[in-house]
Amino acid sequence: MTPMVKAESVCKSFGALHVLKGITLEVGRGEVLCMVGPSGSGKSTFLRCINHLEQVNAGRLYVDGDLIGYREGGTKLYEMPPRAAAKQRRDIGMVFQHFNLFPHRTALENIIEAPIHVKGVKKTEAVARGKDLLEQVGLSEKATAYPAQLSGGQQQRVAIARALAMNPKLMLFDEPTSALDPELVGEVLGVMKKLASEGMTMVVVTHEMGFAREVANQLVFMDGGVVVESGPPREVLANPKHERTKEFLSKVL
Amino acid sequence: MTVVDTSPSAGPAAIDAVPLRHPWRWVAAVVIIILVVLFLYGAATNEAYGWPTYAKYLFDRRVTQGAWNTLQLTVYAMVLAIALGVVLAVMRLSPNPVFRSVSWVYLWIFRGTPIYVQLVFWGLVPTLYKNLQLGIPFGPSFVHINLQSLSIPFLLAIVGLALNEAAYMAEIIRAGISSVPEGQSEASTALGMSWGMTMRRTVLPQAMRVIIPPTGNEVISMLKTTSLVTAVPYTLDLYGITSREIASRIFEPIPLLLVAATWYLAVTSVLMVGQFYLERYFSRGATRKLTTKQLEALAKAQMGEPHGAAGAG
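Residue numbers (the numbering used here), protein chains in the order written: chain X, 1 to 253; chain W, 254 to 566.
Here chain X stands alone, though its shape is the one from the complex:
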């Protein structure tokens, strides 16, 4: 079976700055991959490459067997037209560090926006599904609230529901709890744990080592644009082999 995400020496540079220097990894279906590492190590950039918010410069990145961002024709690669790229992104949900909810729409309107206007789902159907999702993240009574009236944790849970409304086959989380008050982190991680237990394939950039240990199938430690160490989270966290991993973990644990 094809893995959900397959990266083959993925490189990304912004001008002369090389951010990713050859990332190779695989995420199987239903697996949770957690990426940790110091800031500037390229974790978020790699995550953004997966749904083509950034264009890969070298190497290949596949989601569910499809090459991301390019079309293969014989030996050549063709840049993908924006419409085709948008179509690829529909099946990949993304949750951001700063939520990025639409402030001019209520919680429910945020959730039904893309299903209605991107997928063409009927409004009544989208609303029913939206209410369902709000209940799943424990916010049924907040359907008519605007994002500014919600706490950070509530906003992030709405953002997760918004991504789930597109029925993605893969969810990307970019430091989903880093902008939250400590007491609100738990509610968001709770929703993510539930999602993982339901079999969602997830790639999570995080600093929550407890979450990684408990939920992840695979932990990747990145530094300087390369994967320094990877493996089952308990092993990596308990017995880091690499000096840089040891140093990083000693600071965050």
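FYI, nobody ran anything at the bench for these hints, they're computed from the structure. Glycine is no exception: its CB is placed at the ideal position from the N, C-alpha and C atoms. Any given hint might turn out to be false.
[To be verified] Far from chain W by the CB rule (all over 10 angstroms, computed), these chain X residues:
id	residue
1	I92
2	V118
3	G224
4	V252
[Claimed, not checked] Label-pair ranges, simulated between beta-carbon atoms:
id	chain 1	residue 1	chain 2	residue 2	range
5	X	T124	W	V271	54 to 62 angstroms
6	W	I362	X	T124	49 to 57 angstroms
7	W	G449	X	H207	55 to 63 angstroms
Let chain X serve as the given structure and place chain W on it in line with the hints.
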């Protein structure tokens, strides 16, 4: 064991403090009122103002028709300018270099030359282009219009005002679009929206909050700029009627200037009311302050079922 009673009556008495006094505000208000009354008395008793003439012409048929023409010029020109301004702003920000250049050149020309010159030019269009033909270049033509035989100064005035204003509106709209955080278009992109849909559904509605106040300025400014359409020449606007049509015949410029000013002020006031409601509509979700309706619902929940208030934080 303590029982916490959450009903409002059980708490300490509400504070009933003596409000802070502001004696100087009263003094200032009285002084200003006295000055205003003195000025009004002086103006009312000064014959040079020509109040009987003012009263006679304030609701003169020609004047009200002129005010109506001015309002029409303003509205049509602004609607066209806003539509074209949105297109130009979006082109300016688009990833397409052809669109970007076209928009830049348009702004360069229409902001870089005086509106009066542009209006004169539009008035000369029938002289420059005597015929308008629609068809295939060097091939057959399907529609043929003789521009000189048409009497279209009103139309040319609208076009002249709108094309000039569009350049300014484009910059206002561009500023509004740039004020929307990048995360918003990123989230839309990640949800699979196209660039156009992201603009239409996510970015522009949020940009409106920034766009409306300066646009209100532009509308009011346009109302008064319409007095320049005499350059086209179109003479049936409010200023044209009061100054040339009436004042220069009866040799009483002051009362008719006051008539014109009164109407401009009246129309501006109406436009400001419209702006107030537009701003309120587009500021939804912009603050965490609850609306009266939401506050009522929460208060009700607090009174009736204590658990309903838990989510209020």
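Against the structure, the hints:
no.: 1; hint: I92; in the structure: violated, 8 angstroms
no.: 2; hint: V118; in the structure: violated, 5 angstroms
no.: 3; hint: G224; in the structure: holds, 25 angstroms
no.: 4; hint: V252; in the structure: holds, 26 angstroms
no.: 5; hint: X:T124 with W:V271: 54 to 62 angstroms; in the structure: holds, 58 angstroms
no.: 6; hint: W:I362 with X:T124: 49 to 57 angstroms; in the structure: holds, 50 angstroms
no.: 7; hint: W:G449 with X:H207: 55 to 63 angstroms; in the structure: violated, 37 angstroms
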